[in-house]
Amino acid sequence: MIRRKSSQFQGLKMQSELVQHYELRREPEKDLSSLDESATRMGAGVRTESGAVASVDVDPAASLFPPPLPHPRICIWKYLDIHSMHRLEKTASTEEMREVLAELLGLGSPEKSLRDAITLDLFSHALIFCRQQGFSLEQTSTACALLQDLHKACIETPLGNVEECYRYFTSVLFCHGVRRPPFSIDLFKEEQLLALADYVVNTYFRHFKLYKYVFTPQVRLDLSLTYMGLKPPSLWSEDETEKEKGGEAEQQAVIAQEVEPETVVQPEPEPSQVSILGAYIKTQMNKELRQLQQLVEERLKASEERLSSKLTTLERPLQLPPGKGKNKTK
Numbered sequence: 001m002i003r004r005k006s007s008q009f010q011g012l013k014m015q016s017e018l019v020q021h022y023e024l025r026r027e028p029e030k031d032l033s034s035l036d037e038s039a040t041r042m043g044a045g046v047r048t049e050s051g052a053v054a055s056v057d058v059d060p061a062a063s064l065f066p067p068p069l070p071h072p073r074i075c076i077w078k079y080l081d082i083h084s085m086h087r088l089e090k091t092a093s094t095e096e097m098r099e100v101l102a103e104l105l106g107l108g109s110p111e112k113s114l115r116d117a118i119t120l121d122l123f124s125h126a127l128i129f130c131r132q133q134g135f136s137l138e139q140t141s142t143a144c145a146l147l148q149d150l151h152k153a154c155i156e157t158p159l160g161n162v163e164e165c166y167r168y169f170t171s172v173l174f175c176h177g178v179r180r181p182p183f184s185i186d187l188f189k190e191e192q193l194l195a196l197a198d199y200v201v202n203t204y205f206r207h208f209k210l211y212k213y214v215f216t217p218q219v220r221l222d223l224s225l226t227y228m229g230l231k232p233p234s235l236w237s238e239d240e241t242e243k244e245k246g247g248e249a250e251q252q253a254v255i256a257q258e259v260e261p262e263t264v265v266q267p268e269p270e271p272s273q274v275s276i277l278g279a280y281i282k283t284q285m286n287k288e289l290r291q292l293q294q295l296v297e298e299r300l301k302a303s304e305e306r307l308s309s310k311l312t313t314l315e316r317p318l319q320l321p322p323g324k325g326k327n328k329t330k
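Residue 1 is where the sequence shown starts when you use our numbering, and the numbers rise one by one after that.
Just so you know, nobody snuck in bad clues.
In silico DSSO-like links for lysine-lysine, alpha-carbon gap of 30 Å or less: (1) Lys209 / Lys112; (2) Lys212 / Lys152; (3) Lys112 / Lys152; (4) Lys90 / Lys112; (5) Lys78 / Lys209; (6) Lys152 / Lys90; (7) Lys78 / Lys212.
Taking CB as the label site, the calculated pair distances span: (8) Thr94 / Pro181: 32 to 42 Å; (9) Leu314 / Lys287: 40 to 50 Å; (10) Val100 / Thr226: 53 to 63 Å; (11) Asp81 / Val214: 26 to 36 Å; (12) Lys310 / Ile276: 50 to 60 Å; (13) Thr203 / Thr91: 15 to 25 Å; (14) Tyr166 / Lys189: 13 to 23 Å.
In case anyone wonders, no lab produced these hints; they're calculated from the structure.
Here a beta-carbon is modelled for each residue, glycine too, at the ideal position from N, C-alpha and C.
Throw the hints in and build the complete structure from the sequences for me.
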């Protein structure tokens, strides 16, 4: 098992070195800028098959692709310096550690802010994991910095970028596992790197969409369709709408005045045809019900008579024929 992990570690090490060597030669962010320009051009208008044009108002500062992630760098003592780590090491209980950690990270009270409560839980559990693994102060500070950089990369955009974040995390992780100054240092051992990677995958990446849902705003797309050859609908002003409402009210008042004298002159209405029809249906239904009741009673009487006749025949004693009785006596 250890040989298998060491072979995997060496393969990932060679892959990270090749990626970093390629990134150093490549001109930064040239391809991404061209992609952003093409995306904004595509967002200006989309023609459909029916001849309609779907116009989308695209903010020039917005982008249809996730923003590029920063280059992986060594992040020892980046957010928690040596004095902060000494303060956290002196804490005796979990509650005290959470209070000191919230103060160092600049978080508010967990009861008031849900995001601060989630962030505090994330880093407090990471510190507990580092203590269980026996990490040093430098390793614990670096592990928390790795997790915080990963969290910033996740919440930087509401778009899905889990694969990019995972590649960024693995590259930053290998910056602290391979000795190649000034690009990387061998701060973690092979077993420690594997344990830290498993912990982040099982805790953070397993709930990646939940963190993105809580810490990023919700994005909605509003489309407006304009058809070729038709004039756009003109918006009415407030004065025109008020005039139209006043005209409708005057028309309703005139109609009410015309209808009122007619209603006074009309005589009292006679009984409606619906009530007459309902009474006729009731009488006919009563007749049919009576006939049906009589028919049922007659059939019940006939069945009772048949049953009584059968019972009487069964109750009579069995009499043998006369010829058989004479032969027995002889």
